[in-house]
Amino acid sequence: MAAGAEAEGQAERVWTAALIIIGDEILSGRTQDANLAYLARWLNIQGIRLREARVVPDEMAAIGAAVTACLATHDYVFTTGGIGPTHDDITVDAIAAALGLPVVLHPEAEAALRAYYGDRLNETRLRMARVPEGAELIPNPETGAPGIRLDRLFILAGVPKITQGMLRGLDGKLAGGRPVLSAAVGAWTAESRVAGILADVQKGFDSVQIGSYPFWREGRTGANFVLRSVDPQALAQAVAQLVEALRADGLEPVEGEI
1 MAAGAEAEGQ AERVWTAALI IIGDEILSGR TQDANLAYLA RWLNIQGIRL
51 REARVVPDEM AAIGAAVTAC LATHDYVFTT GGIGPTHDDI TVDAIAAALG
101 LPVVLHPEAE AALRAYYGDR LNETRLRMAR VPEGAELIPN PETGAPGIRL
151 DRLFILAGVP KITQGMLRGL DGKLAGGRPV LSAAVGAWTA ESRVAGILAD
201 VQKGFDSVQI GSYPFWREGR TGANFVLRSV DPQALAQAVA QLVEALRADG
251 LEPVEGEI
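Quick note: the sequence shown, position 200, residue 200 per our numbering, numbers continuous.
A hint or two may mislead.
Said to hold, decoys possible - Across the chosen pairs, the derived CB separations fall in these ranges:
(1) P85 x S28: 27 to 35 angstroms
(2) A248 x S28: 48 to 56 angstroms
(3) D88 x Q233: 49 to 57 angstroms
(4) T86 x E108: 19 to 27 angstroms
(5) V103 x A72: 19 to 27 angstroms
(6) V14 x L251: 31 to 39 angstroms
For the record, the hints were derived by calculation from the structure and aren't laboratory data. Bear in mind that the values here come from a model prediction, so they are computed numbers and not experimental data. We put the CB at the ideal spot given by N, CA and C, even for glycine.
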């Protein structure tokens, strides 16, 4: 928080985002989602917090309801999946219908597909050039099919490698706050033993969030404590205090995860 804002008692704005994962294959367990973790980390770097994630089926109403609800409560909304060439790729149609927009063929998207596929371009693949009217394109460095941006809404592919390439093209282009930094402390202990220590450290640092993640390995019980903050000084102080408190309790903590 800037000194002036702190003096005036103003809270620093927190920019938030939601992710909507689209696909029957995710809900059936056939495919495991790999985009949520990557997007969360990417957003942290942009100074944006991922506050919500939903998984919805390939159904027009479900996709539309999720998008409109998330747009009403978050600064940014990302969707992954359902923008390919097949009949069940209905994300564009569902979003356009929910927002009251027609679906049009984007000339730049069509040109990109023609350049990528050449003589292999057909009507099915050309479906990937369809966008809600007024949308911008998000470059896709992996294949010819671009992602789609509609103001605060970002419609991305579901294939992780393609999704990540699209996000790299958005680096630094979204308004956000300070990046969220993280640090970890690990110890061979049960959570219950150190719950009071964690609570005491947390009370001293309003700008730091502390999460506890237990594990069992080699017949032993341990826990990693992850601290997150936008304030690097407060983060470093909280880590130092936690390490000191754990040592005072007879443990041997390490900075970093075990």
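Now for the hints, and whether the structure bears them out:
no. : hint                           : verdict
1   : P85 x S28: 27 to 35 angstroms  : 21 angstroms, violated
2   : A248 x S28: 48 to 56 angstroms : 50 angstroms, holds
3   : D88 x Q233: 49 to 57 angstroms : 50 angstroms, holds
4   : T86 x E108: 19 to 27 angstroms : 22 angstroms, holds
5   : V103 x A72: 19 to 27 angstroms : 22 angstroms, holds
6   : V14 x L251: 31 to 39 angstroms : 33 angstroms, holds
Checked against the numbered hints given earlier, the structure breaks only hint 1 and satisfies all the rest.
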